[in-house]
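**Student:** What follows is the residue order along each chain.
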Amino acid sequence: MTKKSLWRRLADSGLLLPIVSLLLVMAVNIVFDIVSGNNPFNFFMVTLQHTTSNGNVLYGRIIDVLNRGSEAAILAIGMTLVVSSSAGTDISVGSVMSLCASFCCMLLAGYGVSSTSTLAVPLIVGVLGGILMGALCGTFNGTLVAYFGIQPMVATLILYSAARAIGLLLCNDLIVYIRNGSFAFFGSFLGPIPTPIVITAVCIVVMSLLLRKSALGMYIQSVGINPRASRISGLNSRRIIFITYVICGLFAGIAGIVASSRITSADSNNIGLYLEMDAILAVALGGNSLGGGRFNLAGSIIGAYTIQAITTTLYALGVSTTQAPVFKAVIVILIVAMQSEPVKSYMKKRRLARTAKEGGAV
Amino acid sequence: MRKGLVLTFAVAGAMFAGCMTASADELINVGFAQVGHESDWRTASTKSCQDVFSEENGYNLSFVDCDNDEAAQKEAVRSFIEQEVDYIIIDPIIATGWDTVLTECEEAGIPVIVIDRTIDDSDKYVSWVGSNFKTEGLAAGEWLKAYAEKKGIDEINALVISGSTGASAQIGRSDGFAEVAEANGWNILDEQTGDFTEAGGQEVMESYCKSYEGQFNVVVCQNDNEAFGAMTAMDNAGVSYGPNGDVILISFDACTAGLEDVKAEKITADFECNPLAAPFVEEVIQQLEAGEEPEKEVYMVEHWYALDDAVVDFEVDGEPQEMTVVTDDVIEAQY
Numbered sequence: 001m002t003k004k005s006l007w008r009r010l011a012d013s014g015l016l017l018p019i020v021s022l023l024l025v026m027a028v029n030i031v032f033d034i035v036s037g038n039n040p041f042n043f044f045m046v047t048l049q050h051t052t053s054n055g056n057v058l059y060g061r062i063i064d065v066l067n068r069g070s071e072a073a074i075l076a077i078g079m080t081l082v083v084s085s086s087a088g089t090d091i092s093v094g095s096v097m098s099l100c101a102s103f104c105c106m107l108l109a110g111y112g113v114s115s116t117s118t119l120a121v122p123l124i125v126g127v128l129g130g131i132l133m134g135a136l137c138g139t140f141n142g143t144l145v146a147y148f149g150i151q152p153m154v155a156t157l158i159l160y161s162a163a164r165a166i167g168l169l170l171c172n173d174l175i176v177y178i179r180n181g182s183f184a185f186f187g188s189f190l191g192p193i194p195t196p197i198v199i200t201a202v203c204i205v206v207m208s209l210l211l212r213k214s215a216l217g218m219y220i221q222s223v224g225i226n227p228r229a230s231r232i233s234g235l236n237s238r239r240i241i242f243i244t245y246v247i248c249g250l251f252a253g254i255a256g257i258v259a260s261s262r263i264t265s266a267d268s269n270n271i272g273l274y275l276e277m278d279a280i281l282a283v284a285l286g287g288n289s290l291g292g293g294r295f296n297l298a299g300s301i302i303g304a305y306t307i308q309a310i311t312t313t314l315y316a317l318g319v320s321t322t323q324a325p326v327f328k329a330v331i332v333i334l335i336v337a338m339q340s341e342p343v344k345s346y347m348k349k350r351r352l353a354r355t356a357k358e359g360g361a362v
Numbered sequence: 001m002r003k004g005l006v007l008t009f010a011v012a013g014a015m016f017a018g019c020m021t022a023s024a025d026e027l028i029n030v031g032f033a034q035v036g037h038e039s040d041w042r043t044a045s046t047k048s049c050q051d052v053f054s055e056e057n058g059y060n061l062s063f064v065d066c067d068n069d070e071a072a073q074k075e076a077v078r079s080f081i082e083q084e085v086d087y088i089i090i091d092p093i094i095a096t097g098w099d100t101v102l103t104e105c106e107e108a109g110i111p112v113i114v115i116d117r118t119i120d121d122s123d124k125y126v127s128w129v130g131s132n133f134k135t136e137g138l139a140a141g142e143w144l145k146a147y148a149e150k151k152g153i154d155e156i157n158a159l160v161i162s163g164s165t166g167a168s169a170q171i172g173r174s175d176g177f178a179e180v181a182e183a184n185g186w187n188i189l190d191e192q193t194g195d196f197t198e199a200g201g202q203e204v205m206e207s208y209c210k211s212y213e214g215q216f217n218v219v220v221c222q223n224d225n226e227a228f229g230a231m232t233a234m235d236n237a238g239v240s241y242g243p244n245g246d247v248i249l250i251s252f253d254a255c256t257a258g259l260e261d262v263k264a265e266k267i268t269a270d271f272e273c274n275p276l277a278a279p280f281v282e283e284v285i286q287q288l289e290a291g292e293e294p295e296k297e298v299y300m301v302e303h304w305y306a307l308d309d310a311v312v313d314f315e316v317d318g319e320p321q322e323m324t325v326v327t328d329d330v331i332e333a334q335y
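First to last, the sequence lines map onto chains H and Y.
Its first residue numbered 1, the first sequence is counted upward by one per residue in our numbering.
Its first residue numbered 1, the second sequence is counted upward by one per residue in our numbering.
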């Protein structure tokens, strides 16, 4: 009885399909491991691995999914809010990540220095600088969208084009290496747990609390559903939209720091490359409408990890990385189709028919 | 779209620079369409050109960074034709689709010099200056053979983290190494691309460590950045590497940071890919200025690096190779 109600609760919250998609992707690994004669749950095994650099750390494919999916999950938080409030996407987040990483590394190394093992400013200054740069980019995007009424795609196209290039200017056209253990922290381990996982968890918790405990979540959805009606009923619609873009930029900054810390450098050409697409896809896979309005944060996060689970699965299956995008596309098509309206209403009709039949029998 | 914007600025800038010095006709105008700025190697290549083709040396350089966009690169070359530069240098992002553009160059009477990567579907350029990537791959293989013999390792199980698929550096290095592997019955367990980036190398190695746990004793990274990433991943998986570790780590490029890791006993051997093409290109230009005909293919001098213990004698295509022992002076002198 309780099980059924949980099922229903999940279905009602719109989380059922995203969760099923994620599990399906992972189930592929079970099939693969059975076929190749391994332990069927190889993919899900988590062990403690002893390392000389970090002591005992969590080790396993599932940890890789959580770890490598961090940046996309962090971006998906901000993207969900932006989509909800403005019915548009922020396509600049990948480039902004790169800019934030460049700015952070430039602060830490000093301008024009391409490799350093000693920090020019305290770590916290560089990291906060990078994150604030993200918020600044968000402010820029938010101003254009909310106060100048420019379409989100067009407004964020500016930083999509320019942010990476600005990052290169900041880094004097070099890859800036910070070969200092303390900076590596954000991309390595906190105790036995990969730090990106912890950072993502903190971001999710803080944002969920903010959305639940304040009226922000409700305001965002209300503006997304009908900005005029919201304004008439006393909400400052523009400010709400503006805030979502600032939050989105802020999270892009955090994701940028994580990505840069993983490789202890600011590789402005590659950090966050195409990640805006993953973030948008995560929102869609999470069962959210890109037309704005009601949103489901948990769905987006699950969506982000689903994308990473596909990548990690393809690695585990040994699919050549050049062919991986094709398989990825096929899986995405299946998931999106599964969540599309015609399929959903067909399933609903079948369920209704079944309940009607059962009801008749009793 | 971003690339388009950057290119527009770059071309506008290049044209402006062209107009500025049009009066100073004693300068030789050179247009350089560079791939991008994806690695230290690339940066060194760019710098080498900017240093050699400076105004003090009698040149006026129009430089366009094409940001890895092949369409943008062809546009850049067309803009050089419009500017009527004297020579065009191209580092082609991809090897094909060049015939039309190079025909336009030929009709405009502008000699084209190709550097680093190759053009496969046209021969309308005067010279190609670059590395022999296949020789690099062969050298890595032959070195490994000699080193394994010295260390008494009879079985080689190698994992390859390759560069961007289709890049001539990737093809040459993969082919060269695979040729030696096949001749000696080595086992190449897997080959996945890390796109020449540190993050790519890290992610691929992270997965290799799980898929081939305890099954591999050689990792070949096709550039230093991938090797940096692979090292982090092996650290996190508790795998030891380098001259004293369980895994022999081979890398290519041999940039300063790479050599530092050779010195730190992390990378076992590093095979150079010389980025300093500009001096060789200048030689070609000077030959053309003097009315001589330069060689169609100019190969640059390259070095193979290791620490003392890993320096062994080996031959590539019957030619004995010399290895350089990495010292602080060597690192200092590297680009």
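Check before you lean on any hint, since a few could be wrong.
[As the list claims (entries may be wrong)] What follows is a list of derived Cβ distance ranges for each label pair:
id: 1; chain 1: H; residue 1: Ser36; chain 2: Y; residue 2: Ile94; range: 30 to 38 angstroms
id: 2; chain 1: Y; residue 1: Glu70; chain 2: H; residue 2: Thr139; range: 34 to 42 angstroms
id: 3; chain 1: H; residue 1: Thr143; chain 2: Y; residue 2: Glu70; range: 31 to 39 angstroms
No lab work stands behind these hints: they were computed from the structure.
Please read all numbers here as calculations on a predicted model, not as lab measurements.
All C-beta atoms in this analysis are idealised placements derived from N, C-alpha and C, irrespective of residue type, glycine included.
**Student:** Cβ-Cβ distance between Glu70 (chain Y) and Thr139 (chain H): within 34 to 42 angstroms?
**Tutor:** holds, 35 angstroms
**Student:** Given the hint of 31 to 39 angstroms, check if Thr143 (chain H) and Glu70 (chain Y) actually sit that far apart at their C-beta atoms.
**Tutor:** holds, 35 angstroms
**Student:** State, for the Cβ atoms of Ser36 (chain H) and Ile94 (chain Y), whether the hinted interval 30 to 38 angstroms holds or is violated.
**Tutor:** holds, 36 angstroms
When the structure is compared with the earlier hints, no violation turns up for any of them.
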